[in-house]
Amino acid sequence: MARSRKDAELELDRLQSMYRSMPNHKDDAAQQLAAKIKKVEGEIAAIASGQVKPAKKSGGAVPIFVWVLIALALGALAFAGAYFGGNMVQT
1 MARSRKDAEL ELDRLQSMYR SMPNHKDDAA QQLAAKIKKV EGEIAAIASG QVKPAKKSGG
61 AVPIFVWVLI ALALGALAFA GAYFGGNMVQ T
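The numbers in the numbering used here rise by one with no breaks, and the one at position 34 of the sequence shown is 34.
Derived from the structure by calculation, the hints contain no laboratory data.
It cannot be assumed that every hint is accurate.
Below, simulated DMTMM-like cross-link-like pairs (lysine to aspartate or glutamate); rule was C-alpha separation at most 25 Å, straight line [claimed, not checked]:
(1) K38 / D13
(2) K39 / E9
(3) K38 / D7
(4) K38 / E9
(5) K38 / D27
(6) K26 / E41
(7) K36 / D7
(8) K36 / E9
(9) K36 / D13
(10) K36 / E11
(11) K6 / D27
(12) K26 / E11
(13) K39 / E11
(14) K39 / D27
(15) K38 / D28
(16) K39 / D28
(17) K39 / D7
(18) K6 / E41
(19) K38 / E11
(20) K26 / D13
Since we're looking at a predicted model, the values are computed, not measured.
Based on the provided sequences and hints, a complete structural model is requested.
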């Protein structure tokens, strides 16, 4: 619960398309899918009425340029170590 409304609506669309594609709507799998659909519809209704605040996505992911900078720094350190420590310096 407490996910964003957009995510819940995407999940609902996915579940409804799966349910429509089932040939027999009275078997156990279809009944379980129908129960999930009702649960997601209730979740959307709770978010719309303001009973539940949708979850905010955390910005905890590290941007790609930070990883590129780290890789460049490590590469420079490895090169410097090999150049000076591996006696590649021509004296």
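Proposed proximity, E11 with K26 (alpha carbon, max 25 Å):
holds (22 Å)
Can the restraint linking K36 and E11 be considered satisfied, given a maximum Cα separation of 25 Å?
Given that 25 Å is the threshold and the Cα spacing comes to 10 Å, the pair holds.
K39 and D7 were given as a pair; does the straight-line alpha-carbon distance stay at or below 25 Å?
holds (14 Å)
Run the distance test for K38 versus D7: straight-line Cα separation, threshold 25 Å.
holds (15 Å)
Going straight from one Cα to the other, do K38 and D13 come out at no more than 25 Å?
Given pair K38, D13 holds - Cα atoms ~12 Å apart, limit 25 Å.
Given the hint that K36 pairs with D13, test it: the Cα-Cα distance must not exceed 25 Å.
Answer holds: K36 to D13 is near 12 Å, not above 25 Å.
Compare the distance between the alpha carbons of K38 and E9 with 25 Å, and conclude whether the hinted pair is satisfied.
holds (12 Å)
Measure nothing beyond the straight line between the CA atoms of K39 and E11; if it is 25 Å or shorter, mark the hint as holding.
The hint holds at about 11 Å.
If you draw a straight line from the CA of K39 to the CA of E9, is it 25 Å or shorter?
holds (12 Å)
Hinted pair K38 and D27, Cα distance within 25 Å:
holds (17 Å)
Starting from K39, check that the Cα of D28 is at most 25 Å away, please.
holds (17 Å)
Given the hinted pair K39 and D27, is their alpha-carbon gap at most 25 Å?
OK: K39 and D27 at ~19 Å, within 25 Å.
Hint check: a violation occurs at hint 11 only; the rest are consistent with the structure.
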